[in-house]
Amino acid sequence: MKEIMQKMRAEAARVLSSGEVDLVLGWEKGDLWWQSYPVFIENEKKAELLTWDLFCVPNLAKYLLEEIWHKKRVALFFKGCDALGFNQLMQDKRVDREKAFIFAVPCSGLVDPQKVERAGLHQGLLRVERLGDELTFVYKDREKKTAAPWFYYDKCLTCRYPNPVVFDFMLGEPVPVNPRERFTAVKELEGQNVDARFQYWQRQFSRCIRCFACRNVCPACSCRECIFDLTSPRWLGKATELSENQFYHITRAFHMAGRCVDCGECARVCPVQIPLTSLNRKLIKDIDELYGPYDAGVDPQKVPPLVTFNPGDPAAFLESKGV
Amino acid sequence: MQEIQKARLPQLWEYLAKKAPLYLPQQEDGVINFAPWQEGARVKLESLNTVLPPKSIVFPQWETYLHFTQKARELKLTPTKEPEGSYILFGVRPCDVAGITVLDRVFLQDPVDVFYESRRRCTIISLACNEPDISCFCSAFGLEPGFAPAADIMLWDGDKFLLWQSLTEKGETLTHSLTDLLEVPTPAETESVQCLRETAATVQEQKWGLDGVKERAKDMFNAPIWDSLYRRCLGCGICTYLCPTCHCFDIGDFSRGERGERFRCWDSCMYKDFTLMASGENPRPTQKERVRQRFMHKLSYFPAQHGLYGCVGCGRCVRKCPVNIDITQVIKEAGGSISCA
Amino acid sequence: MSVAAKTQDFEPLIVAFCCNWCSYAGADLAGTGRMSYPANIRVIRVPCSSRVSPNFILRAFQRGADGVVVAGCHPGDCHYVSGNYHARRRFSMLRRFLEFVGIEAERLEVHWISASEGSRFAQVMQDITDKIRVLGPNRKLRDSR
Amino acid sequence: MRRIGVFICWCGTNIAATVDIETVIKEAREMPGVVYAGDNKYMCSETGQTQIKGTIVQQKLDRVVIASCSPRMHELTFRKTAAAAGLNPYLVEIANVREHCSWVHKDKDAATVKAVALIRTAVAKAALDTGLEPQEFVVTRRALVIGGGIAGIQAALDIAEAGYAVDLVERTPSIGGRMAQLDKTFPTLDCSACILTPKMVDAAAHPNINLLTYSEVEEVEGYVGNFEVTIRQKARSVDAAKCTGCGLCFEKCPSKVKSEFDEGLALRKAIYVPFPQAVPNIPVIDRDHCRWFSKKKCGVCKKVCPASAVDFEQSDVLIKQKYGAIVVATGFDLIGFEIFGEFGYGKHPDIITSMEFERLVNASGPGGGKLLKPSNQQPPKNVVFVHCVGSRDKSRGKPYCSKICCMYTAKHAVLLKEKHPEAQAYVFYIDVRTAGKDFEEFHRRAVEEYAAVYLRGLVGKVFPSGDKLLVNGVDTLSNQAVEIEADLVVLAAALTPRHDAEGLARMLGIGSDAHNFFVEAHPKLRPVESHTAGLFLAGTCQGPRDIPETVAQAGAAAAKAIALLNKETLLSDPCVSAVDESLCTGCLACLKVCPYKAISDKPLTEKVHGRQRRRLVAEVNKALCQGCGACSAACRPGAMNLLGFSNEQLLAEVDAICL
Amino acid sequence: MLKHPLFPQVAVVERISRETADIKTFSVAALKGGVPFNFMPGQCAMLSVPAVGEALFSITSAPAQADFLEFSIKKTGAVTDCLHGIEEGCQIAIRGPYGNGFPVAQLKGRDLLFIGGGIGLAPLRSLINYCLVHRGDYGNIHIVYGARSAADLMQRKELYENWPASPATSVYLTVDTGQEGWDGHVGFVPQYVEELGFSPQNSIALTCGPPIMIKYVLAGLERLGFQPEQIHTTLEMRMKCGVGKCGRCNIGGKYVCRNGPVFNFAELKKLPAEY
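Residue numbers (my numbering), protein chains in the order written: chain U, 1 to 323; chain H, 324 to 664; chain B, 665 to 809; chain G, 810 to 1468; chain Z, 1469 to 1743.
In short, the hints are calculated from the structure, not lab data.
Note that the structure is a prediction, hence the values are computed from the model and not measured.
It is possible that some hints are incorrect.
With a straight-line Cα cutoff of 25 Å, these simulated DSS-like cross-link-like pairs (lysine-lysine) come out [said to hold, decoys possible]:
no., chain 1, residue 1, chain 2, residue 2
1, H, Lys537, Z, Lys1737
2, Z, Lys1543, G, Lys869
3, G, Lys1416, U, Lys99
4, U, Lys99, U, Lys72
5, U, Lys45, H, Lys655
6, H, Lys394, G, Lys835
7, G, Lys915, B, Lys795
8, H, Lys595, H, Lys611
9, U, Lys2, U, Lys29
10, U, Lys72, G, Lys1411
11, G, Lys1416, H, Lys595
12, H, Lys541, Z, Lys1737
13, G, Lys1411, U, Lys302
14, U, Lys93, G, Lys1416
15, G, Lys1106, G, Lys1067
16, U, Lys302, G, Lys1401
17, G, Lys869, H, Lys394
18, H, Lys537, Z, Lys1738
19, U, Lys71, G, Lys1416
20, Z, Lys1471, H, Lys404
21, G, Lys1061, G, Lys1105
22, U, Lys285, G, Lys1401
23, U, Lys29, H, Lys655
24, G, Lys835, H, Lys399
25, G, Lys1411, U, Lys93
26, Z, Lys1543, H, Lys595
27, U, Lys93, G, Lys1406
28, H, Lys611, Z, Lys1737
29, G, Lys1333, G, Lys1207
30, H, Lys611, Z, Lys1738
31, Z, Lys1492, G, Lys869
32, U, Lys71, H, Lys595
33, H, Lys611, U, Lys29
34, U, Lys93, G, Lys1401
35, H, Lys595, U, Lys93
36, H, Lys655, U, Lys140
37, G, Lys1411, U, Lys71
Using the sequences plus the hints, can you model the full thing?
Pasting the structure below:
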């Protein structure tokens, strides 16, 4: 990772100094071990701020909405999931491919701080390093080594596109693609009866505080004004009554249908850990089943499945499942 | 000073819950929040901060305060019954107790918010922190991880037992009713409290000096930090909704036909329509103004209005911000000094 | 106890979104032919089944509907050429999704009913009402206020 | 607060017997915004309408709700009533308390409750109605007729006669179509060419008709009154202005090709006119088969042409033209026989289609109309005709009846006997359908005067035996197997739309059924209109039919087109989608679901915090939009809104209906 | 039962008069008659139409008017749209009064210069009429008022009749663009103020109008020699809850609803430029 970080800094300085771009979007290291956050670099001298470590999880693509239109060109770094999000923005005609200079950073997984915390490894932790498939937790006076996948985000473990599908310049070598089954949770829920499923989701939705982090972080949520913010008509009330929360999550998931790139950011940022991935993946799974496999974000030229049809489509609403 | 064996806690909770609704930190789907106790509850006292602060109990995310009926030209308004106040909050960390005292400044000032006032009649049993997290910084605001002066009862974790000290008359009365469950600690145990308090204060890794921050923050309105900090902000409401002191609200109506109700609900100064006026004007048009408002409010405006900081250093926003916007960086910018233990 | 508890004397409220050219006309024909069906069915006229956004369906459930029907032209017969093909995808997905979050699939029905199928309209509405009667009131998506 | 008036119709006892009008009025008065609720025994009557108009004025109503029969019945009536009282007609809503309530519910209490709910819903919708103004747009007073068969010719002539310019587009080098291929017509046996050619000449000569033969429609854009069509006029390689039609070129042309006009039974040259009476009588070079174009050799035609009309350099011309109306008359093909192996078509030259029979019996056809067996040029003796080859055949062919086969087969039996009195016709049939003026009489003549033998049953197999064909079939009336030693077998093949009809339907934006016949707007009441305004249908492209029906329908289509062209301007239905540009993100999901190509993108420049920002938004062409609302449902932020069925309105209806 | 500070009372809209194409004045009385509450000029009230929502307005009547409160309301959003749709006799909800009002005591003995634009006359009108009732307490009163066009001038009876008829009171009207039938001054309010050239001596200026007008009025007055302390304005449109709790109306450390809505520019200059 260090090597890639050096390259990042060098490339960022290069494209800024050559005038190719007037902004570089990357990640910067914060004070605390898990803090790696988006940074906006407009001066080559600041390129040294760039970092690439196990916590560079935020997707930089969505910042283009605010940044790209008044810039000449913006350079930014994409992990595999980020690139899919970018393509979704492309499909929604929200960004201009020519104005983005994309560095691809193949990614074999990032560390979920909550998993570290749950394992009780967080107290006094200074930083986490990776060598091959092994993590080293570095403390003031000791180190601890462990297998990396234990601490990866769930979304990383099921990642199907760790190598960016769109880029101008590749940093590092492509990493092997070895995703775990991503529909396990969905299938498990599908196996339950309808009331059990309801109770499960009722519990999840009741926790929602409508902070809108899931929406705001989502690369497929790029509306100028969100339907949930509109006051006329008022689709969604501001009270976090259960049915309003249900409306929010069902509608949002449905707006994602055929557009969700399965980057898992919504579930990551949810402060109350609503398993939003399962909602999105249910829709992905149904689309795959009913209309053929479709991976949003892979090819922005493809027509998304819910704005097209095939005269021979099944009428899946005629299936009557015993409940 | 008294103590209760941890093994007897379920008994205590059962007893308390019979007296009044009892809220304590419980785990559901991996998320720890204050929730009413019931048989079989998965209580999690050992975790430091709940995801949502107990603000969500004293100042719920939304509450209806009036019902209306509108028929032809006639309008009837009926007040909602004021909420029950005789509940117990158990296991509130000192920073969150301090958070409630911040809310008091807002809601108990004239005109008094009677709903809040009623809810505030609750009994707060605080649990001291033995080992604060790396992201905690309550001491920065003169608070102490091992002690919550505004609580009714203070508890310290002595491993196998909790040391029990009532701080108010209300706390004392409750303590008296628990003679069957509480025991008298040994002098050594009593003395250990001081040690626990001191250790907790030492363990808090970052030592803050906030001298003059209030004053300097006042002049930070045009500071360059705002030009960079806001850019990564997603404009979500995590920091404000999870904050134990944020209290901004909105008022909304819900109606079905001729009947309806008016409710008050949390709102967030991070949202782009927060200050949007009917005319379409917005005095805080970009995220920069909104981010600035949030931090300036905590560090300058609130102190100016109420004489104390609007932050208690619980660290929730630091931990949960999806893009690591960190108030401690702002504090440093405002001249807060920091040194590591 | 099931969340959807059965109540005695339960009269379900069923909202039917009917496309103007086929199903609404089919309902008219059911009327002209005096083909009786339960008064629990209340029709909202839309130009095409493709006009129906899932939001309207959810709103109906929030506001107290026990069942929702979307009715459009038979595939291939859409007055607007392809509207019902889009509706078919949309509601195939929605119905499965609602079921996934724990809503009985029977509460959302989609049917193709042509302008000439008055008796079928009546029959379909009768069947749906019977089904919802068995299911009981919708408590799952209903706003408690 | 609105001033809504609710008018409840008794419809005699139709509503009043099942719905308690008094309760309904009482309830309606309490509804939000309602300032008046009244009733009338017949709201649509003169007195009812007067009541509405009077109340609108007296009560200063700004919205009107009529609780009555279906809006499909009287919405227009009441809109006009409101307009007469000075209210925008789109501020009227109908609560359907008859078809959807009083007629289908028996319990008076339940029906009354429901009627109140329906009225409440209509009131909620009405409160959000906005006055809409139809847009006026100028009609291009020129028509396009696609297809130069009898339907197209007739339609073109009728429109031209009414004084409007018509472009008649024909794919082949000559107009005339299928009818030109026919010999005689049933049931009068008059000569097809004799009655058709004058019409062809008329069409060519008519000052208002512009013939575009050897041309195809390539692109259609626009909307009723203003279609914009691109037509490809293929290179004829002969300068029409110079050509005198002397025919020297094709006399001398050395390349021979199977004649399409003669169904492949005769040969034509590479430079040719398809048939002697062709209009225009100007040859065309079939470049695929011309030696000049394939080998750059020959050029004989050019050399012999006295008018120097042959022009190898000619290229296709793209014509872009605007039209107010389009008549589609693309005709039919015969079903492909590949799947009907039992009839042996293609395996023996004496197994022919009915269309080939027409050519063989036609004086201008191969063999000069002597009707000889293609295999050996001998007169046939026994001729077997088979009905319903591919028609009424759900499993392999088409489920429908091709309608004309019974009659033309009878005609063929007659013509056979006329040519060869000694010959014998055998007709295998399922049913003989003779519904038509003089049809049954004609069929009887074929049987009685011309001694055609009708065998009710199916043909199982046809196979060559020596110079004969053995036809195995069943006579279901006598329940006996039949074997006929035939000289000629004629297959009455199913009619199908042109092979490329589906593509044309898509290009035009009209519907086509499962068999790709174009779909009429209403099978009874709008049989010559398509679902798309301004596009009319004529002839067999819409379904099998005979010549008189085709001509009648062509006339009807022409009349509709004329009625349209007669208007200087048209009013568009204002219930179309509208974009809220402040909400539109420009993702154009709407464009993808629009069946009418009514949505396009448009760049917008706006000031954001002092800087110019360019972004895309959707734009609706109000004339193209038909108001289906698919875009509104596809639009996530709700920027696309269908006027008359807006998000706000539907939401209000849902809320109200659920109370 | 204790009363929630946000709980309004029912009031009757007794009279509605149209001022301009998009401004109406509503007379609102308590159910039992009379004003729903007492107030001072510059204070505000929260009106609401149930199911639609609340909106805050300056009270435009003067305290002397004891029969009802008056509100001049311009159509700008959901609530105002709805209010414009109601009819006389309808009931609405009202709570207040909110804010501190104009510093009437401080104004005593001074010459007063009122500068209003468009709907901005509404809060000033309350004070003008208050001063006219207590005419002896104040010096000369100058009222400069402008609108886009003649048809957009509100309270025309008072502008043309009542106010000019009061002693030592002058009214100066202007419109942005002239038109047929208007023989008065044409031009923007700030320029007109400068043209008229008022003396800052013992004067207090009170201004309300669109932000852009305020900006230029302020500059103009300073050129005329007015000190920031001598210029007052009101920022009532920033208020939401009215009771200092909802956290929306603060400008820096000041809450419009608690510390305002009337501020003088010396105070405002100390605040961050977020108004």
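Okay, the hints, checked on the actual structure:
1. H:Lys537 to Z:Lys1737: holds (20 Å)
2. Z:Lys1543 to G:Lys869: With Cα atoms ~22 Å apart, Lys1543 (chain Z) and Lys869 (chain G) stay inside 25 Å; holds.
3. G:Lys1416 to U:Lys99: holds (20 Å)
4. U:Lys99 to U:Lys72: Distance of about 7 Å is within 25 Å: holds.
5. U:Lys45 to H:Lys655: Within the cut-off at roughly 23 Å; holds.
6. H:Lys394 to G:Lys835: The given pair, whose Cα atoms are some 13 Å apart, holds under the 25 Å limit.
7. G:Lys915 to B:Lys795: With Cα atoms ~21 Å apart, Lys915 (chain G) and Lys795 (chain B) stay inside 25 Å; holds.
8. H:Lys595 to H:Lys611: Status holds; Cα separation ~11 Å.
9. U:Lys2 to U:Lys29: Roughly 13 Å between the alpha carbons, so the hint for Lys2 (chain U) and Lys29 (chain U) holds.
10. U:Lys72 to G:Lys1411: With a Cα-Cα distance of about 22 Å, the restraint between Lys72 (chain U) and Lys1411 (chain G) holds, given a limit of 25 Å.
11. G:Lys1416 to H:Lys595: holds (18 Å)
12. H:Lys541 to Z:Lys1737: Status holds; Cα separation ~14 Å.
13. G:Lys1411 to U:Lys302: The given pair, whose Cα atoms are some 22 Å apart, holds under the 25 Å limit.
14. U:Lys93 to G:Lys1416: Roughly 19 Å between the alpha carbons, so the hint for Lys93 (chain U) and Lys1416 (chain G) holds.
15. G:Lys1106 to G:Lys1067: Distance of about 21 Å is within 25 Å: holds.
16. U:Lys302 to G:Lys1401: holds (12 Å)
17. G:Lys869 to H:Lys394: holds (21 Å)
18. H:Lys537 to Z:Lys1738: holds (16 Å)
19. U:Lys71 to G:Lys1416: holds (15 Å)
20. Z:Lys1471 to H:Lys404: Holds, because 10 Å separates the two Cα atoms, which is no more than 25 Å.
21. G:Lys1061 to G:Lys1105: holds (17 Å)
22. U:Lys285 to G:Lys1401: Holds - the C-alpha atoms of Lys1401 (chain G) and Lys285 (chain U) are around 23 Å apart, at most 25 Å.
23. U:Lys29 to H:Lys655: It holds: about 16 Å lies between the C-alpha atoms, which stays within 25 Å.
24. G:Lys835 to H:Lys399: holds (21 Å)
25. G:Lys1411 to U:Lys93: holds (12 Å)
26. Z:Lys1543 to H:Lys595: Given pair Lys1543 (chain Z), Lys595 (chain H) holds - Cα atoms ~23 Å apart, limit 25 Å.
27. U:Lys93 to G:Lys1406: Distance of about 19 Å is within 25 Å: holds.
28. H:Lys611 to Z:Lys1737: holds (21 Å)
29. G:Lys1333 to G:Lys1207: Between Lys1333 (chain G) and Lys1207 (chain G) the Cα gap is close to 23 Å, so the pair holds against 25 Å.
30. H:Lys611 to Z:Lys1738: holds (20 Å)
31. Z:Lys1492 to G:Lys869: Given pair Lys1492 (chain Z), Lys869 (chain G) holds - Cα atoms ~20 Å apart, limit 25 Å.
32. U:Lys71 to H:Lys595: holds (23 Å)
33. H:Lys611 to U:Lys29: OK: Lys611 (chain H) and Lys29 (chain U) at ~21 Å, within 25 Å.
34. U:Lys93 to G:Lys1401: holds (13 Å)
35. H:Lys595 to U:Lys93: With a Cα-Cα distance of about 23 Å, the restraint between Lys595 (chain H) and Lys93 (chain U) holds, given a limit of 25 Å.
36. H:Lys655 to U:Lys140: Roughly 23 Å between the alpha carbons, so the hint for Lys655 (chain H) and Lys140 (chain U) holds.
37. G:Lys1411 to U:Lys71: Cα-Cα ~22 Å, so holds.
When held up to the earlier numbered hints, the structure conflicts with none and fits them all.
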